[in-house]
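Protein chains in written order, with our numbering: chain A, 1 to 245; chain B, 1001 to 1335.
Calculated from the structure, these hints are not laboratory results.
Just to be clear, a hint being listed does not mean it is correct.
To be verified - The calculated lysine to any residue pairs, modelled on SDA-like cross-linking and capped at a C-alpha distance of 20 Å, are: (1) A:K81 - A:A99; (2) B:K1212 - A:R77; (3) A:K81 - B:D1207; (4) A:K81 - B:I1199; (5) A:K81 - B:R1210; (6) B:K1212 - A:P74; (7) A:K81 - B:V1290.
What the hints assert, rightly or not - The following residues of chain A were derived to be distant from chain B, with all beta-carbon distances above 12 Å: (8) P87; (9) A154; (10) S157; (11) E226.
What you are looking at is a predicted structure, and each value in this text was computed from that prediction instead of being measured.
The C-beta atom is built at its ideal place from N, Cα and C for all residues, glycine as well.
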Amino acid sequence: MSSDALLLVSGLHVGYGHVPVVRGVSLEVGTGEMVTLIGANGAGKSTLLKALAGLVRPSAGSVTLDGEDVTGAPPERLVRKGLALVPEGRMLFGPMTVAENLAVGAHTRRPRDPGVAEDRDRVCELFPVLAERADQSAATLSGGEQQMLAIGRALMSRPRILLLDEPSLGLAPRVIGAIFSALDRLRADGLGILLVEQDAKLALKHSDRGHVLRAGRIALGGSAEELIANDDVRLIYLGAWHGTE
Amino acid sequence: MIATLLTRVRYGAVIAIGVVVAVLPLLTGDRYLIGKVLVFVALNLIIVSGLALVFGFAGQISLGHAAFCGLGAYTTGFLVTTLDWPPLLGVVAAVLISGLGGLALALPSLRLKGHYLAMATLGFNEIMSVLFVEMDAVTGGNNGLSGIPYFSVAGARFDTPALNYWLVWGVAAVVLALAYNIVRGRPGRAMRALHGSEIGALASGVDTTRLKVQVFGLSAAFAGLAGALYAHSVGFVSPTTFSLETSVILVAMVVIGGSGSLAGPVMAAVVLTLVPYADALVPGLSADTVALMQDWEADVYGILMIGVIILAPGGLGRLLVSRRDRRVAEAGEAA
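Using the sequences provided together with the hints, build the complete structure.
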């Protein structure tokens, strides 16, 4: 833990109207680090990610991105600063083609930026199926392919921090494996990843650190190994009754 | 294969229509048709291509575009007749003032949605209608402004109906090409993304509010341009031309033409503009029939709008889309 982390969240409060959802969360994500947030439904995980991506304004606390205060900044500024969100439910542009979805991901960059074509090639190398389906509409893709497209679209802004909201939801185990090995590769290339995931066991296995969010507060935090070994975590989030793997 | 063939057919059709429109004044000397009716068609095309962007792509509604049109018409009318400005500067000023007016209205109004935005733009149209009458010194009040000359620039004078016709249609072609480029290019893609998923678009860094304001401003500038060209074509501007009723008719063209399409509203604009002038196209139509059609003009638009909303909610534009595209689009809606 160092104060020069890429993403530094401190005492963040987020609510809808008068209903507080996130109540004083502090965490940080560094370069090439994967951090997982686990917690029950309604614990505030998605709301926290939305606030970090600028889709909801926090009511208190601060967010620092690469040393710059970006608390309450609009999403387009955060995308330009190198933070991208893969939203819950993928939120693709269904009638548009795969290629167009990727192009919108690069919306904040100059159209003639040669880096955009490079990144498109990189995304297609990471998920070759996207190159095969480039001219198909996003709505015709399978669930796994759609998730790959959602991640690819986020990568098109060349982020340094990637926020992922439930990337494994509703997908077959083999596809989930492909997505997590892609995330491993991205992390190895220096991308910082903040992951919200129902499948806590899977997420912690791939992460450096983790936090347990309970009723809008961080109830527990530590290295992935510590959390996997923690009895409470095993019982509540890892489904320990199925075995001790 | 079929897609490329279709594209070729479409390009061919566009070129053929362009040629017919261009040579028409050589084939007929009809002053009513060339000097008036078809000029109105071109002017409405200019307004509707902007309004189609606002409605069909940015998802906003404006019941105030007749007022922007009037703003453009009065701006050039006043500058050219009262202050003796050259018509080119008058038209440029008209475009700038209506464009800025559009931005000024859009900034606060686009925080509103649906009915409230409709009300705000409607209110704007009513305010402008009153101003056009009351600002006597500039607008000539109820009498309007007359004696506005044909457009001219650097010695080139467009002072016959045929020359004026070519000028207005030339401008309309440029505006249509511009609108087509916007739809096909980056802003259009961002707007379609916004329709696909607002959260997805925001997360991709699309500044949706800014995009909506820009589109609204551009469409107001288009309307102002059409108004200015109207003033120079007709030579006379009066306040009733830019009433709320005109705004409603313009929106009707876009709704009947269809959301998310440029070709649909363009065709609707052509057809609906011609309805009250059927006598110019169909020779031997009795004066009674024409008068009847003009009396029922608003009703025809209303019935068409209701029919489209019930029978083809996507509008005429949707019916043009090839079957393959439509299947894909429907799959997208189901997902």
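Hint check:
| no. | hint | in the structure |
| --- | --- | --- |
| 1 | A:K81 - A:A99 | 24 Å, violated |
| 2 | B:K1212 - A:R77 | 17 Å, holds |
| 3 | A:K81 - B:D1207 | 14 Å, holds |
| 4 | A:K81 - B:I1199 | 18 Å, holds |
| 5 | A:K81 - B:R1210 | 18 Å, holds |
| 6 | B:K1212 - A:P74 | 16 Å, holds |
| 7 | A:K81 - B:V1290 | 63 Å, violated |
| 8 | P87 | 5 Å, violated |
| 9 | A154 | 7 Å, violated |
| 10 | S157 | 6 Å, violated |
| 11 | E226 | 32 Å, holds |
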